[in-house]
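> Generate the whole structure from the sequences, applying the supplied hints.
Chain order of the listed sequences is A and B. Take -1 as the starting number for the first sequence in our numbering and just add one per residue. Take 77 as the starting number for the second sequence in our numbering and just add one per residue.
Hints are all accurate, no fakes.
Straight-line alpha carbon distances no greater than 27 Å define the calculated DSS-like cross-link-like pairs of lysine-lysine that follow:
#1 K146/B / K116/B
#2 K514/B / K154/B
#3 K221/B / K159/B
#4 K0/A / K154/B
#5 K167/B / K257/B
#6 K0/A / K116/B
#7 K209/B / K280/B
#8 K514/B / K0/A
#9 K242/B / K257/B
#10 K150/B / K0/A
#11 K146/B / K0/A
#12 K280/B / K242/B
#13 K221/B / K280/B
#14 K154/B / K116/B
#15 K150/B / K514/B
Covered stretches of chain B (chain A as the covering partner; in silico rule of three or more C-beta atoms under 8 Å from a C-beta of chain A):
#16 131 to 139
#17 396 to 406
#18 410 to 423
#19 482 to 490
#20 524 to 533
To give an idea of the chain B side of the interface with chain A (calculated C-beta under 8 Å), a few residues:
#21 R223
#22 N224
#23 E359
#24 G509
Keep in mind that the hints were calculated from the coordinates and are not lab data. No residue lacks a Cβ here, since even glycine has one placed at the ideal position from N, Cα and C.
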Amino acid sequence: MKISTLVTRDLGESLLSGGCGECQTSCQSACKTSCGVANQPCEQKDSK
Amino acid sequence: MIHTFTQNGYTLVLDVYSGAVHVVDEEAAELIRLYEHHGKDATLAEYLRAHPDADMAQMHAGLEQIEALKHLGKLYTKDSAVKEALTADKKPAQLKALCLNVAHSCNLTCSYCFASQGKYKGEQALMSYETGKQALDYLITHSGKRRNLEVDFFGGEPLLNWQTVKRLVAYGRSVEEQAGKRFRFTLTTNGMLLDDEVMAFCNKEMNNVVLSLDGRQEVHDRFRVDHLGRGSYERIVPRFQAFAASRSHRNYYIRGTYTRHNLDFLQDILHMADLGFTQLSMEPMVGDPQDPASLREEDLPILYEQYEQLAVRMLERYRQGQGFDFYHYLINLEAGPCLYKRLSGCGSGTEYLAVTPTGDLYPCHQFVGDPQHLLGTVWEGIRHPERQEAFRACTLSSRAECEDCWAKLYCAGGCAANAYHATGSIQGVYAFGCKLFKKRLESALMLQAALAQDRQQA
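Rendered as structure tokens:
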């Protein structure tokens, strides 16, 4: 039986450092016709 | 909430509210699904009923691992963080990005264009320097403490108003430091007027450039023609190749649109890659359902297959040292956006506004020209605050259809413009787009899982 867990940012913990709003507006980068919010990197260097 | 799926030989479990991703085998996937609703003992009993010859030691070990992951907050995570984020005492979102429509005019006449060949159902027009300058001042004034401000030079075709673009960049640079801001300029162009001078300027000043190319020549030239009906492929591709090379193949996107005429759009993406481009984006056409080029429900099986195979082909090319990026598969698992961002979405109407050549403000570029969505002007500010409030209220939590969706923290409820055009309400859901989005997300996660395993084995 195999369960291998990838390294991911914990979304619950992201509340502690998140919400600064400095990240890119999702529609500005490449799509212009859909909404994907998971592509934008967090602007905070030590984000959790 | 969890979501389990198998694609291209990879079985994955997404723990929706923590964002954890697990690569599992079929046995583990079944145990994880059972455990969600049954707990340990009933899960074991259920599993053994279906698999009487199962290895008991393995089952117990698997269940222990599942319980450990649950304890660590990486499985069956509740939505408490989402509720906390929604009730947090956060200041209202402030403006941070403008789509500057510097030209409501175009030197191509693509019939699928959502902007009606650049004119947005109105008159041809170019933005004056004064209007653009006022827009930048408006952005600075209304951006509060936000340091990074984004301005996309858009159209129509922005290179039809190139001197104004350059003057506006110079103005932005001249005031940003004193204002405590940093402008990130981008340009979206069809490439027809791209020359060495434009490239050199963009390489100095534009954080990103979006270059429109639909793929294979026959696909591209079907829609992307000039006013004489001549295809543009041969004129733009060499320029785009030179442009990408001059930017060291970074900070650009080759962006295409696919329609019902090229349901095999994977071939177009691979064609872009074969031309030497490495930063690729391909979007489904969003248009009038009566348009023969519009995608239909019956097209979904082939579209799903295209997205699945795209992930396979990308993996092959990565492993051959010829990898390329596809915008929708660039899911940033380790350092992606926080939960607040995932709940608030694209920010149209509040964080993000579109500006017409005459200075009118709209919630985003897709609403430009619709008088019902006119918000105000860069000179007078917001004249219809109730319209802006409607967009402010348009978040993930405002859409009942999204409540039980496993993908909701990756799309934040989707595009308000697509919802409006599909349902008549910005609070609606563009169901067809949701289906494509979920398939893209599964494909992205599969690709990320495969690449992570490659790195581990290296």
